[in-house]
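Residue numbers for the sequence shown follow my numbering, beginning at 1 and rising by one.
Simulated from the structure, these hints should not be mistaken for laboratory data.
Incorrect hints may have been included.
Stated by the list, open to error - Here are the simulated lysine to any residue pairs, SDA-like style, with alpha carbons at most 25 angstroms apart:
(1) K294 x S82
(2) K42 x M239
(3) K256 x L93
(4) K294 x C373
(5) K399 x R46
(6) K182 x S82
(7) K42 x Y245
(8) K178 x E33
(9) K178 x I328
(10) K42 x P176
(11) K182 x S80
(12) K182 x R46
(13) K41 x I328
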Amino acid sequence: MSATIEQPTIPQSEQSPPAVRRHWIDHWDPDDEQFWESTGKKIARRNLVFSIFAEHIGFSIWVLWAVIAINLANVGITMSLSELFWLTAVPNLVGSFLRIPYTFAVPRFGGRIWTLFSAALLLIPSLLLAIIVPSGWLADQAHDTQFWILLAVAATAGVGGGNFSSSMANISFFYPEKHKGKALGLNAAGGNLGVAVSQLVVPLVIIIGVPAAAVKATQHEVHLAYAGLMWLPLIIVAMVGAWFYMDSLSQAKSDKQSYAKAARQPHAWIMSILYIGTFGSFIGYSFALPLVIKNTFPEFLGKHPFIATYLAGLGFVGALIGSIARPIGGWLADRIGGAKVTLACFLGMGAFTLLAIVGVQQHSFPLFFGAFCAIFALAGAGNGSTYRMIPAIFATLGKREGGDLATRLDFKRQAAAVIGIAGAIGAFGGFLIQVVFRQASLGATVEMGKATKAGQALIAKATEAGDSAAAAAAKADLVATKAQIAAAHSDWSIPALWVFLAAYVVMAGMTWAFYMRRSSVSSRVPSVAEASV
1 MSATIEQPTI PQSEQSPPAV RRHWIDHWDP DDEQFWESTG KKIARRNLVF SIFAEHIGFS
61 IWVLWAVIAI NLANVGITMS LSELFWLTAV PNLVGSFLRI PYTFAVPRFG GRIWTLFSAA
121 LLLIPSLLLA IIVPSGWLAD QAHDTQFWIL LAVAATAGVG GGNFSSSMAN ISFFYPEKHK
181 GKALGLNAAG GNLGVAVSQL VVPLVIIIGV PAAAVKATQH EVHLAYAGLM WLPLIIVAMV
241 GAWFYMDSLS QAKSDKQSYA KAARQPHAWI MSILYIGTFG SFIGYSFALP LVIKNTFPEF
301 LGKHPFIATY LAGLGFVGAL IGSIARPIGG WLADRIGGAK VTLACFLGMG AFTLLAIVGV
361 QQHSFPLFFG AFCAIFALAG AGNGSTYRMI PAIFATLGKR EGGDLATRLD FKRQAAAVIG
421 IAGAIGAFGG FLIQVVFRQA SLGATVEMGK ATKAGQALIA KATEAGDSAA AAAAKADLVA
481 TKAQIAAAHS DWSIPALWVF LAAYVVMAGM TWAFYMRRSS VSSRVPSVAE ASV
């Protein structure tokens, strides 16, 4: 067999790529060994490489506000902890909602064109961040106005979160079943690495040109415009790569009918809930952890200015570990079964969440941070194993319905639909994590707000009376009072962590009940589920 491609043909395109190349592949059968080895493998790898790069940039911009939020005070914009959580939660929420339409976009426009367009959309949050956030105009606005403007700008970063679903759905059609776990794992891991890269590189870029001695101070000069401008050339590279080197598959049709069929399968919703626990944890903690560390262990960051300033409180480490673990989870799922890996991940995440609670109670940053590194590793592996379970489940359904090519293709389309559904719901889990953290922080925020209002009143009164010494003393008292309140509420995150622990226990129980236990809810569910084990 050979691929039938609209002009130019495969041999011509491989030898001499034209300036404009409309790659629509009409015949694609990767499960045919001869086709895969002779034609499919090379084309699939090329598309995977450029898909990973574009998705990587999307993830980087999606989580950009995790770094921006903890640096707003350095440009004179003061927000409460609860407001800062909104600035990181809203991009998460927008990205979650965009994932379903992004999945529909691949069959409508083709993987190549949609990758190009979705990459171009990333120019919007990058330019808005570079132009508006560090502007003197924003600094002159009232506090409430500043907050709503920042919230709107942060929301545009959500376009980076939608890329995941379109990229994963597209790549799922390129690979045969036996290689799908590894391919999807690599694609997802490459995107997830954007979280770590953003949280590692952006803190370094925004202090370019700032004296080393100055950045050791708690508040120091930063160039937030650089945090947006740095992505522009990379976005252009992603656009050019998609235009010249990616392809679209005519058979990659995940239409409304496929979604309707998939939505009637109980596995679509079971897997979506499980994905909340794995990917939701990864992305939610990636957004929230820098803020949690800054407001739980300020004395540790104060003693280690290099970590606080150059490494954004080490928040990138967890994201890096989780990204690396994702393909490992897919690889393990291919060998020992997705359900087994997923169950082990949930049990481990529950155990290490309990350890993180102990770290907060003992105010031990090494214990807390080590526990979260393990949680990230398990969440990353769980991302890979849960996503591997989806095509395995629907491949088994296809075999049960007859196993012919048309039936298998129908269930592949349903699997692609479930990838979109699970991806959106799982990402929404990240938003829930940040909302839970925000609710847990309200007690400390209220007390801090009362202290700030009282302190500002004393400072204003002393200033009006012309007593600069009294005003200075009031400022010092205000700083001391804030420090005392922060210390008294250093365990603010513990209620949130207990909620997460309970959720992991529930999801472990679901994995065992639906995908491990032989006598499950119905005769239909376990027979299908066992294929993923």
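Inset, instruction - Would you check the hint for K256 and L93, treating anything up to 25 angstroms between C-alpha atoms as holding? - result: At roughly 23 angstroms apart (the allowed maximum being 25 angstroms), L93 and K256 satisfy the hint.
Inset, instruction - Take the C-alpha atoms of K182 and S82, compute the straight-line distance between them, and say whether it is at most 25 angstroms. - result: The hint is violated at about 39 angstroms.
Inset, instruction - For the pair we were handed, K42 and P176, check the Cα-Cα distance against 25 angstroms. - result: holds (13 angstroms)
Inset, instruction - Sort out whether M239 lies within 25 angstroms of K42, counting only the CA atoms. - result: Roughly 21 angstroms between the alpha carbons, so the hint for K42 and M239 holds.
Legend entry - Pair hint outcome, K41 versus I328 [Cα-Cα no greater than 25 angstroms]: Distance of about 21 angstroms is within 25 angstroms: holds.
Inset, instruction - Verify the proposed pairing of K182 with S80, using a straight-line Cα cut of 25 angstroms. - result: This hinted pair is violated, its Cα atoms lying about 43 angstroms apart.
Legend entry - Hint consistency between K399 and R46 [alpha-carbon to alpha-carbon, up to 25 angstroms]: violated (30 angstroms)
Legend entry - Pair hint outcome, K294 versus S82 [Cα-Cα no greater than 25 angstroms]: holds (13 angstroms)
Legend entry - Hinted pair K178 and I328, Cα distance within 25 angstroms: Cα-Cα ~15 angstroms, so holds.
Inset, instruction - Take a quick look at whether K294 and C373 sit within 25 angstroms of each other, Cα to Cα. - result: Roughly 17 angstroms separates the two Cα atoms, so the pair holds.
Inset, instruction - Please work out if K42 and Y245 have their alpha carbons no farther apart than 25 angstroms. - result: holds (12 angstroms)
Legend entry - K178 paired with E33 [C-alpha distance capped at 25 angstroms]: holds (11 angstroms)
Checked against the numbered hints listed earlier, the structure breaks hints 5, 6 and 11; every other hint is satisfied.
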